[in-house]
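Same order as they appear, the protein sequences are chains L and H.
Going by my numbering, the first sequence opens with residue 1, and the numbers climb by one from there.
Going by my numbering, the second sequence opens with residue 1, and the numbers climb by one from there.
Rather than coming from a laboratory, the hints here were simulated on the basis of the structure.
Predicted model, so just to flag it, every value in this text is computed and none were measured.
Yeah, the Cβ is synthetic: ideal placement off N, Cα and C, and Gly gets one too.
Do not take every clue at face value.
What the hints assert, rightly or not - Just the calculated beta-carbon pair ranges, DEER-fashion:
#1 H:16 <-> L:6: 32 to 42 angstroms
#2 L:98 <-> H:29: 25 to 35 angstroms
#3 L:46 <-> H:66: 26 to 36 angstroms
#4 H:3 <-> L:43: 28 to 38 angstroms
#5 L:75 <-> H:66: 38 to 48 angstroms
#6 L:64 <-> H:213: 51 to 61 angstroms
#7 L:133 <-> H:74: 45 to 55 angstroms
#8 H:184 <-> L:190: 49 to 59 angstroms
#9 L:150 <-> H:186: 48 to 58 angstroms
#10 L:79 <-> H:203: 45 to 55 angstroms
#11 H:75 <-> L:61: 14 to 24 angstroms
#12 L:79 <-> H:29: 27 to 37 angstroms
As the list claims (entries may be wrong) - If the Cβ cut is set under 7 angstroms, some of the chain H residues that face chain L in the computed set are:
#13 51
#14 79
#15 151
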Amino acid sequence: MLQKPVISASEAAAKVREGDALMVGGFMACGSPHTIIQALTEKGTRNLTLICNDTGVHDLKSGRVTGVGHLVQKRQFRKIIASHIGLNQETQRQINAGETDVTLVPQGTLAERVRAGGVGLGGILTPTGLGTEVEEGKQVITVGDRLFLLELPLKADVALIKAKKADRAGNLVYADTARNFNPLMAMAASLVVAEAEEIVEVGEIDPNAIHTPGIFIDALVQAERLEG
Amino acid sequence: MEYVANKDNIARRIARIFKPGNVVNLGIGLPTLVGNYVPEDVTLILQSENGMLGLGPAPAKGEENRDLTNAGGAPVTIAPGGCYFDSAMSFGIIRGGHVDYTVLGVLEVDQEGNLANYKIPGKMVPGMGGAMDLTTGSRVVIAATLHFEPSGASRLKRRCTLPLTAVREVNLVVTDLGLFEVMGNRFFLREYFEPYTPEWIKARTDAEIIIPNDCRPVVF
Chain L
1 MLQKPVISAS EAAAKVREGD ALMVGGFMAC GSPHTIIQAL TEKGTRNLTL ICNDTGVHDL
61 KSGRVTGVGH LVQKRQFRKI IASHIGLNQE TQRQINAGET DVTLVPQGTL AERVRAGGVG
121 LGGILTPTGL GTEVEEGKQV ITVGDRLFLL ELPLKADVAL IKAKKADRAG NLVYADTARN
181 FNPLMAMAAS LVVAEAEEIV EVGEIDPNAI HTPGIFIDAL VQAERLEG
Chain H
1 MEYVANKDNI ARRIARIFKP GNVVNLGIGL PTLVGNYVPE DVTLILQSEN GMLGLGPAPA
61 KGEENRDLTN AGGAPVTIAP GGCYFDSAMS FGIIRGGHVD YTVLGVLEVD QEGNLANYKI
121 PGKMVPGMGG AMDLTTGSRV VIAATLHFEP SGASRLKRRC TLPLTAVREV NLVVTDLGLF
181 EVMGNRFFLR EYFEPYTPEW IKARTDAEII IPNDCRPVVF
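Just chain L, with the same shape it has in the complex (with noise of 0.2 angstroms):
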């Protein structure tokens, strides 16, 4: 089985591009890929359109900063695309500055977009959001009596997502909620960059336990940092 190169995190955080659209990984935080955040942080590359279920924690008031928050903070993103920014003050005060355009999307929705962006899917219909703000601008289709939005597929350059454990082949295992929007993210990027806590040989992994199957990686990164 061919190895995935497995790389330092700023040589991952370098495969992103200035401009570039970015998928993260992570609920709250929760099994986002904390080393190479830190390192792309530390970079610094800007004008990122990043897809993400939200935009971690940041309080303004403790100065509590979390997951890809702290790239929000470093004014990386042109665009934010994600269903939920409530507990990141800081995105909170670049929408109403003008300053970042964020497009909120059902989680769901979300889910299923990225999904379809990477199965190969030309959409998806979803009674998600009719009558809503969701519904603006989107064309509603009837199937039999029921109406449903159609949803496009969301896809990216760069997809930065974290496994608990990794095989040199890049078969992944996510650990707990951990897992959310990971898997999906894997199949939907052009590029994939996957942090591992623990990188393993070939064959040590039961391929009956395997998550998320190695041919959707490019390149592994040794989890340093597993909060922040």
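Since the structure of chain L is already known, use the hints to place chain H on it.
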């Protein structure tokens, strides 16, 4: 009569709606309190939209697992028989009609069953998270809220003015004044918390409220 806000009464009443084995999603905030009051003989399967069935209580201090949180990012545990999955499966469960009850917080809820809880334009834009999918897909949608805003206005309205999270999806509204069923574009006050009276509640709520003959006080 003086109004005293009482979140626990809301949670206690909602907790008694469920039957053993129901699949229930409790939102962050007031809805989370409901979990504290579920009767011991009622075992629920709690769904957490970040990817779990069998959501358990918060861990003891020092026992936190950074990979195991609720949808608010707080450490939790998993109950025996629980399982984990990705976000597509999680919302397949939700949108696909496999959740019996969803309990959500409220900014405004109206007599047509519309709910607004994700955005105050120009002020606060937290985002809908999973709320739009939960209200669309769950069998029964329960809105949980203090009856009055800090300004004194009732959160139950004739018509929501804020951007909607859900269109005609709310089935029950439980406040610290009573339990309301949404039916035929009106609120039916099924139960009320004493010492308030149905007439007192009706007079202070800017919505069409029907008081059926069998309207009764909540008894715990």
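Structure-based check of each hint:
| no. | hint | in the structure |
| --- | --- | --- |
| 1 | H:16 <-> L:6: 32 to 42 angstroms | violated (54 angstroms) |
| 2 | L:98 <-> H:29: 25 to 35 angstroms | holds (29 angstroms) |
| 3 | L:46 <-> H:66: 26 to 36 angstroms | holds (29 angstroms) |
| 4 | H:3 <-> L:43: 28 to 38 angstroms | violated (55 angstroms) |
| 5 | L:75 <-> H:66: 38 to 48 angstroms | violated (27 angstroms) |
| 6 | L:64 <-> H:213: 51 to 61 angstroms | holds (54 angstroms) |
| 7 | L:133 <-> H:74: 45 to 55 angstroms | violated (29 angstroms) |
| 8 | H:184 <-> L:190: 49 to 59 angstroms | holds (53 angstroms) |
| 9 | L:150 <-> H:186: 48 to 58 angstroms | violated (34 angstroms) |
| 10 | L:79 <-> H:203: 45 to 55 angstroms | holds (49 angstroms) |
| 11 | H:75 <-> L:61: 14 to 24 angstroms | holds (22 angstroms) |
| 12 | L:79 <-> H:29: 27 to 37 angstroms | holds (29 angstroms) |
| 13 | 51 | holds (5 angstroms) |
| 14 | 79 | violated (13 angstroms) |
| 15 | 151 | violated (21 angstroms) |
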